[in-house]
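Trainee: In case you want the letters, here they are:
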Amino acid sequence: MYKYIIRRILVFIPMLFALTVMVFALAQAAPGDPFTGRMLDPTVNPEVYQQQREALGLNDPYPVQYMNWMKNILQGDFGNSIYYNGRSVLELISQRFANTLYLGLFSLTITLVVSIPIGIYSAKKPYSILDYATTGFGFLGLAIPNFFFGLIAIYIFAIHFGWFPSQGTVSSNDVTGFAELIDRLHHLVLPGITLGLAGTATYMRYMRSEVLDVLGSDYIRTAKAKGMSSNNVLYKHTLRNALIPIITLMGIEFGVLVSGAVITEQVFNFPGLGTLFLQSITNRDYPVIMSINLLFGVFILVGNLLADIFYCVVDPRIRYD
Amino acid sequence: MTNPAVLSVEDLKTYFYLENSNIAKAVDRVNFSIHPGETVALVGESGSGKSITSLSIMQLIDKPGKIVNGSIQLEGRELVQLSNRKMTKIRGKEVGMIFQEPMTALNPVYTIGNQIIEVLRKHKKISKKDARKQAIELLKTVGFPRAEATMKEYPHQLSGGMRQRVMIAIAISCEPKLLIADEPTTALDVTIQAQILDLINEMKKKFNMAVLLITHDLGVVAEYADRVLVMYGGQIVEQGTKRQLFKSAKHPYTNGLLESLPSLDQSSDRLGTIKGTVPAADNFPEGCRFSTRCPHVMEKCIKTNPDILSDDSGHGVRCFLYEEEEK
Ligand SMILES: Nc1ncnc2c1ncn2[C@@H]1O[C@H](COP(=O)(O)OP(=O)(O)O)[C@@H](O)[C@H]1O
Ligand SMILES: [Mg+2]
Chain C
1 MYKYIIRRIL VFIPMLFALT VMVFALAQAA PGDPFTGRML DPTVNPEVYQ
51 QQREALGLND PYPVQYMNWM KNILQGDFGN SIYYNGRSVL ELISQRFANT
101 LYLGLFSLTI TLVVSIPIGI YSAKKPYSIL DYATTGFGFL GLAIPNFFFG
151 LIAIYIFAIH FGWFPSQGTV SSNDVTGFAE LIDRLHHLVL PGITLGLAGT
201 ATYMRYMRSE VLDVLGSDYI RTAKAKGMSS NNVLYKHTLR NALIPIITLM
251 GIEFGVLVSG AVITEQVFNF PGLGTLFLQS ITNRDYPVIM SINLLFGVFI
301 LVGNLLADIF YCVVDPRIRY D
Chain V
1 MTNPAVLSVE DLKTYFYLEN SNIAKAVDRV NFSIHPGETV ALVGESGSGK
51 SITSLSIMQL IDKPGKIVNG SIQLEGRELV QLSNRKMTKI RGKEVGMIFQ
101 EPMTALNPVY TIGNQIIEVL RKHKKISKKD ARKQAIELLK TVGFPRAEAT
151 MKEYPHQLSG GMRQRVMIAI AISCEPKLLI ADEPTTALDV TIQAQILDLI
201 NEMKKKFNMA VLLITHDLGV VAEYADRVLV MYGGQIVEQG TKRQLFKSAK
251 HPYTNGLLES LPSLDQSSDR LGTIKGTVPA ADNFPEGCRF STRCPHVMEK
301 CIKTNPDILS DDSGHGVRCF LYEEEEK
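Residue numbers (UniProt numbering), protein chains in the order written: chain C, 1 to 321; chain V, 1 to 327.
Just chain C, same shape as in the assembly (with noise of 0.2 Å):
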């Protein structure tokens, strides 16, 4: 298993590597720099932009700029903000770093809760009238765009029930301990909501036709054969052997939910790592757009990463090759 764990880390290196060129190219590639649209000012000399550009090291060839780059980072050093007046990017992505991250972990918690059990119960009894109610829900829930379904669930459960706060992490920075974790996880419950709705769909179809597929196979037979109560039967032949594509899955969607959160972020003006994203791409502020395609990108990445180590434990099969 450790070789497999091993195998599997050192083939993330060079991913890790190819991600960070990426994110280089990207931003090169993109048209125009930090002055781009603020050159318009008379007073101030063309010369003076072009200092600041060999200040900055815009002018060095590319090679260079990546290499510096690259060394900043390992140290720990994002650069700093050109928008935000040179604050450091670090500080400036960490907290909102932070809110995302919940955000994406209490909206997984969501899915996995909801989507798991009701997957089980579909297969259990196929062609039900749960098993066609969730049916229904999930291609709903595949199809509404996420933007929709949280504009809709602000309008029903913000405004005119009031039951949940429809904006922002939390309600005053009065409350602390106990009252403040509450107040927190009430503020993520719709953006959550509606950033898992996708996945729980997902997970849900894909739980229901995994457990009905493993149902059928020989060694539940066997169990069956064996004696083996209806219960154990599902819970234990069953469900391991059905939850390890859903692992797998769960890797990717892990990195697609703190990534994918740009959207949900901005419906709720959540201050997390999309928003930022986005007003950092109005303003062409580079070392923050890199900053946070690299959080993006090693996001993905540790998801597989992760996603594989889980597998190799859960099925003996990759353990022991």
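Honestly, the hints are just simulated from the structure, not real lab data. Given the structure is predicted, the values throughout are model-derived calculations rather than measurements. One thing to keep in mind: the hints can contain errors.
[As the list claims (entries may be wrong)] Subject to a maximum C-alpha distance of 27 Å in a straight line, what follows is the list of computed DSS-like cross-link-like pairs (lysine-lysine):
#1 C/Lys124 - V/Lys86
#2 C/Lys3 - V/Lys133
#3 V/Lys13 - C/Lys236
#4 C/Lys236 - V/Lys133
#5 V/Lys89 - V/Lys13
#6 V/Lys13 - C/Lys125
#7 C/Lys124 - V/Lys93
[Said to hold, decoys possible] Going by beta-carbon spacing under 8 Å, a handful of chain C positions derived as facing chain V:
#8 Arg7
#9 Pro165
#10 Gly168
#11 Asp218
#12 Ala223
#13 Lys226
#14 Met228
#15 Ser230
#16 Asn231
#17 Arg240
#18 Val314
Positions of the beta carbon are idealized from the N, C-alpha and C atoms, including for glycine.
Given chain C's structure and the hints, the job is docking chain V with the ligands onto it.
Mentor: Relative to the frame of chain C, chain V with the ligands by itself:
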């Protein structure tokens, strides 16, 4: 056969209600019984209803299939209509079963030990430690010299023959009265087949089990069976002792099967074959099910399905050719 039967199946009908509203009569009015220490072979081409017969005994017929009629008694206890809860106390304990595909019959994510201990603990209500000890003993009995190590292994680490040995260990773990082996060697190498069948035979003697051996290989029948049931189109078309079947087979289908067997003492240079294919279970002919392929087909065979009639020695045949003889 004065001692009571371990298993007696009477007038069993297991039908599948297909989506196109056809009914597949996979098992149709089947009667037979098995006595302690006896190996009864159930032979027939693929699709003739052998597996469905065995799964009916286990009460493991899933939708769209259903046992629509008949009685299955295990030592006098009726199994048809028994609740699933009660059946779980019989499956694996009173009746053990081995399947055709050892490669997929074991759960890939649990160790061999786990899968044997589980069945022991379920039926014997013993501690984990005792179950472990017994599991190791069982593995040794079925031919694993390094049983302790095997306990920790996963199915994919074993060969097909070894996995089938594990299946045998599981099936006999609670010393069942009846062992059902559904084509236990069909998926295995020829060299391993005899080892597995010998092991089953050895276990049968050790525990004085009754064995229902399902096969389509008459060579296996000749070697291991005491009595034979020949199945065609969901029905038993001939039954008798092994001797009766090999020396004086009556049914044209049995004769066809025998002719397709390569034999040493006959110098025929061509194997006989039965022309045509088995009709689908939802599309049997109205009369005798074999009438579409029978070389001796008569007019009445097409209209009516003959009953199975037995002579005094218990040799039974479902064929109009022998109708007069019996009367
Ligand atoms: N799940 C099913 N759905 C519909 N028909 C089935 C099903 N399982 C078996 N049958 C029918 O039962 C017949 C007998 O099958 P089976 O007992 O598996 O044959 P075999 O003698 O090869 O073991 C098949 O030809 C098929 O028509
Ligand atoms: Mg079969």
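Trainee: Restraint: C/Arg240 near chain V, CB-CB cut 8 Å. Satisfied or not?
Mentor: holds (5 Å)
Trainee: C/Ser230 was flagged as interface toward chain V. Is the shortest Cβ-Cβ separation under 8 Å?
Mentor: Since chain V brings a Cβ to about 7 Å from C/Ser230, closer than 8 Å, the hint holds.
Trainee: Quick one, are C/Lys3 and V/Lys133 close enough, alpha carbons at most 27 Å?
Mentor: Measuring from Cα to Cα gives roughly 32 Å; hence the hint is violated.
Trainee: Are C/Lys124 and V/Lys86 close enough, with their CA atoms no more than 27 Å apart?
Mentor: holds (20 Å)
Trainee: Was the hint right that C/Ala223 lines chain V, CB cutoff 8 Å?
Mentor: holds (7 Å)
Trainee: Tell me if C/Gly168 is really an interface residue toward chain V, meaning its C-beta lies closer than 8 Å to one of theirs.
Mentor: Nearest chain V Cβ about 44 Å off; hint violated.
Trainee: Just to be careful, I want the Cα atoms of V/Lys13 and C/Lys125 compared with a cutoff of 27 Å; is the pair within it?
Mentor: holds (26 Å)
Trainee: Does the CB of C/Pro165 sit less than 8 Å away from some CB of chain V?
Mentor: Where the cut-off is 8 Å and the nearest Cβ of chain V is about 43 Å from C/Pro165, the hint is violated.
Trainee: Have a go at the C/Asn231 hint: is there a Cβ in chain V nearer than 8 Å to its own Cβ?
Mentor: Status violated, d = 10 Å.
Trainee: Hey, does the C/Lys226 contact hint survive, CB to chain V under 8 Å?
Mentor: holds (4 Å)
Trainee: Hint C/Val314 vs chain V: min CB-CB distance below 8 Å?
Mentor: holds (7 Å)
Trainee: Next pair to validate is C/Lys236 with V/Lys133; report whether the Cα-Cα distance is within 27 Å.
Mentor: holds (23 Å)
In summary, the numbered hints that this structure violates are 2, 3, 8, 9, 10 and 16.
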